[in-house]
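Enquirer: Protein chains in written order, with numbering that gives the first Met the number 0: chain A, 0 to 334; chain S, 0 to 334.
These aren't lab readings, by the way, just hints derived from the structure by calculation.
Only a predicted model underlies this, so the values are computations on that prediction, with no experimental measurement involved.
Be aware that one or more of the hints could be misleading.
Restraint-style ranges between C-beta atoms, simulated for each label pair [unchecked claim]:
(1) K106/S x K213/A: 53 to 59 Å
(2) E201/A x G307/S: 51 to 57 Å
(3) K199/A x G68/S: 42 to 48 Å
(4) K299/S x D277/A: 36 to 42 Å
(5) Q209/S x L117/A: 53 to 59 Å
(6) E306/A x A146/S: 28 to 34 Å
(7) W292/S x S295/A: 41 to 47 Å
(8) P115/A x D202/S: 53 to 59 Å
(9) K106/S x K181/A: 56 to 62 Å
Cβ atoms here follow ideal geometry from the backbone N, Cα and C, with glycine treated the same way.
2 protein chains.
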Amino acid sequence: MTSTTNHQFKLAKRPVGMVQRSDFDYTESPVPVPGDGEVLVKILYISLDPAMRGWMNEGKSYIPPVGIGEVMRAGAVGRVIASNDPAVAVGEHVLGILGVQEYAVAKAKGLTKVDPKLVPLPVYLGTLGMPGMTAYFGLLEVGKPKAGDTVVVSGAAGAVGQVVGQIAKIKGCRVVGIAGGKDKCDYVRSIGFDAAIDYKHEDVKAALRQHCPKGVDVYFDNVGGEILDAVLTQLAMHARIVICGAISQYNETQITGPRNYVSLLVHRASMTGMVVFDYASRYGEAAREMAGWMASGQLKTREDIVEGLETFPETLLKLFKGENTGKLVLKVADA
Amino acid sequence: MTSTTNHQFKLAKRPVGMVQRSDFDYTESPVPVPGDGEVLVKILYISLDPAMRGWMNEGKSYIPPVGIGEVMRAGAVGRVIASNDPAVAVGEHVLGILGVQEYAVAKAKGLTKVDPKLVPLPVYLGTLGMPGMTAYFGLLEVGKPKAGDTVVVSGAAGAVGQVVGQIAKIKGCRVVGIAGGKDKCDYVRSIGFDAAIDYKHEDVKAALRQHCPKGVDVYFDNVGGEILDAVLTQLAMHARIVICGAISQYNETQITGPRNYVSLLVHRASMTGMVVFDYASRYGEAAREMAGWMASGQLKTREDIVEGLETFPETLLKLFKGENTGKLVLKVADA
Numbered sequence: 000m001t002s003t004t005n006h007q008f009k010l011a012k013r014p015v016g017m018v019q020r021s022d023f024d025y026t027e028s029p030v031p032v033p034g035d036g037e038v039l040v041k042i043l044y045i046s047l048d049p050a051m052r053g054w055m056n057e058g059k060s061y062i063p064p065v066g067i068g069e070v071m072r073a074g075a076v077g078r079v080i081a082s083n084d085p086a087v088a089v090g091e092h093v094l095g096i097l098g099v100q101e102y103a104v105a106k107a108k109g110l111t112k113v114d115p116k117l118v119p120l121p122v123y124l125g126t127l128g129m130p131g132m133t134a135y136f137g138l139l140e141v142g143k144p145k146a147g148d149t150v151v152v153s154g155a156a157g158a159v160g161q162v163v164g165q166i167a168k169i170k171g172c173r174v175v176g177i178a179g180g181k182d183k184c185d186y187v188r189s190i191g192f193d194a195a196i197d198y199k200h201e202d203v204k205a206a207l208r209q210h211c212p213k214g215v216d217v218y219f220d221n222v223g224g225e226i227l228d229a230v231l232t233q234l235a236m237h238a239r240i241v242i243c244g245a246i247s248q249y250n251e252t253q254i255t256g257p258r259n260y261v262s263l264l265v266h267r268a269s270m271t272g273m274v275v276f277d278y279a280s281r282y283g284e285a286a287r288e289m290a291g292w293m294a295s296g297q298l299k300t301r302e303d304i305v306e307g308l309e310t311f312p313e314t315l316l317k318l319f320k321g322e323n324t325g326k327l328v329l330k331v332a333d334a
Numbered sequence: 000m001t002s003t004t005n006h007q008f009k010l011a012k013r014p015v016g017m018v019q020r021s022d023f024d025y026t027e028s029p030v031p032v033p034g035d036g037e038v039l040v041k042i043l044y045i046s047l048d049p050a051m052r053g054w055m056n057e058g059k060s061y062i063p064p065v066g067i068g069e070v071m072r073a074g075a076v077g078r079v080i081a082s083n084d085p086a087v088a089v090g091e092h093v094l095g096i097l098g099v100q101e102y103a104v105a106k107a108k109g110l111t112k113v114d115p116k117l118v119p120l121p122v123y124l125g126t127l128g129m130p131g132m133t134a135y136f137g138l139l140e141v142g143k144p145k146a147g148d149t150v151v152v153s154g155a156a157g158a159v160g161q162v163v164g165q166i167a168k169i170k171g172c173r174v175v176g177i178a179g180g181k182d183k184c185d186y187v188r189s190i191g192f193d194a195a196i197d198y199k200h201e202d203v204k205a206a207l208r209q210h211c212p213k214g215v216d217v218y219f220d221n222v223g224g225e226i227l228d229a230v231l232t233q234l235a236m237h238a239r240i241v242i243c244g245a246i247s248q249y250n251e252t253q254i255t256g257p258r259n260y261v262s263l264l265v266h267r268a269s270m271t272g273m274v275v276f277d278y279a280s281r282y283g284e285a286a287r288e289m290a291g292w293m294a295s296g297q298l299k300t301r302e303d304i305v306e307g308l309e310t311f312p313e314t315l316l317k318l319f320k321g322e323n324t325g326k327l328v329l330k331v332a333d334a
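Produce the complete structure using the sequences and hints provided.
Expert: Put into structure tokens, the structure is as follows:
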């Protein structure tokens, strides 16, 4: 049974500071009709990612900002309910940048088919999606961990962090996660991290000294701010810092830079930014390897699923309040 | 004619904020007597370097701090006036870490012989000394400029910066220097830089936009602070930032981190620290190549020579006030 109405969240204005519901318009319009080479997708799960906050800002970044009045950009998986491209059949499941809405029309070419019998659909938004790819390529290609290295990851219980830590374990590293609160720390220990630091209740610098007695060889940074500064004081020689994100700063009007960056000099260390899209041609390779690790039980995955498109603004805020454990996904429909 | 008295500057206390004369004791003691394998050097020129400020601080760095009561550490060139090592003859000129004093006893093995007939002695403290080596290896090994790249260097009229810019020109790059004041900017243009930005009188960000229309591929940072932040806004994709120093911050009690470091992510750029000592085994190779460039006129060198050991604290301050053009050297004796 298909509705004739499409609910959408459109960007109403550019947020100042913390994002809020009034930055969006929640609108109704008729379900669109696909043109030549296009398909109509009923969206089932929408990926909520820290990067979305950046897409809401004006100005130059790694992709153009979402325009005012446009449907908010988001990755999503859904089921094809009409197709004008013979390559995609009605009933198939697809992944793509489909937006925060119930129905999306998209070029069939821009979509990736996914199989819900292999892994549950939300996993395609998490460990086998952008966050997993970010973890895989950021850690392996930029962090370049060697067996025996000490790898620290912040946002350790998040969509990217949980994968970073488990891949580092697979590669023979000592892994320390930084996360907010006892539950998240328990979670990252339960998936094999050697230690977890609760930044809300511990002195991060002292805890790093304790858990990383030989210093930090690789730091995968999802958060920026004070935690980045604390890790900078504990680097090993030739340390590699992967700048993947800076969620602590995304809603700040005045960004705090890493005061201790001169530690890079002292330790001949590097701090390198990465954007997952650069590795798009190799997603297949990474997905195959990670699916293998999942099948063998070496890579566990967790999603935090919230129901209801209409909760989108508040659910997105869970990311910035640090309330999600695992990949945050918005469930829009059952099938 | 040799004095029997040795004047020395010893570290009296750890400076707080800007270094001052009262942080040192100016003392007299008898000229020391060399032991077995040692030589006595009459110091002629002392190298004054921004790094000296860091050596005065307590705490872990790339070399131990100068102890309270110890002669202030400094590179210097001088003439051997007594020798207990057959490998070094009286009358030869040597370079080493000899300290801020008139006479030094040192193991002959730790010294490098230099020839004042090839280049004037102060050049061995500048372009053919640590600053030149820092420029050479920092630019070529960490910055990795390619012909056609835009290379920006701060502290462009200083001992390191002047060499960085000229080597980048030799390698076929477009070179933009950042320096304080018209005289320094005129100087860097006179040695072949394509453009110079006077940070004291220009909007650095706007000037970078003008002079680096394709963005900054390599930034060699000697200064940190606001200039680093301005350059971060103008990076080209895959830019390399060499963190060589942060002179704007050395006398600050509260360091300002680079607020715009998330630009590393957007531009897939890196920021890497370097310490010249790591390249010690290759100094000879670099010195030979740079001496060749000097002989052919491609690499010009300038020193800012101040006379009188007793002026040491105030002369050192010239560095932090940005008053030197070219390598700052303290002249202690004629011969």
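Enquirer: Now, for every hint given, state plainly whether the structure supports it.
Expert: Evaluation of the provided hints:
1. K106/S x K213/A: 53 to 59 Å: 32 Å, violated
2. E201/A x G307/S: 51 to 57 Å: 54 Å, holds
3. K199/A x G68/S: 42 to 48 Å: Roughly 45 Å apart at Cβ, these two residues keep to the hinted range, so it holds.
4. K299/S x D277/A: 36 to 42 Å: 41 Å, holds
5. Q209/S x L117/A: 53 to 59 Å: 54 Å, holds
6. E306/A x A146/S: 28 to 34 Å: 57 Å, violated
7. W292/S x S295/A: 41 to 47 Å: 58 Å, violated
8. P115/A x D202/S: 53 to 59 Å: Once the Cβ atoms are compared, 55 Å apart, the range 53 to 59 Å for D202/S and P115/A holds.
9. K106/S x K181/A: 56 to 62 Å: 57 Å, holds
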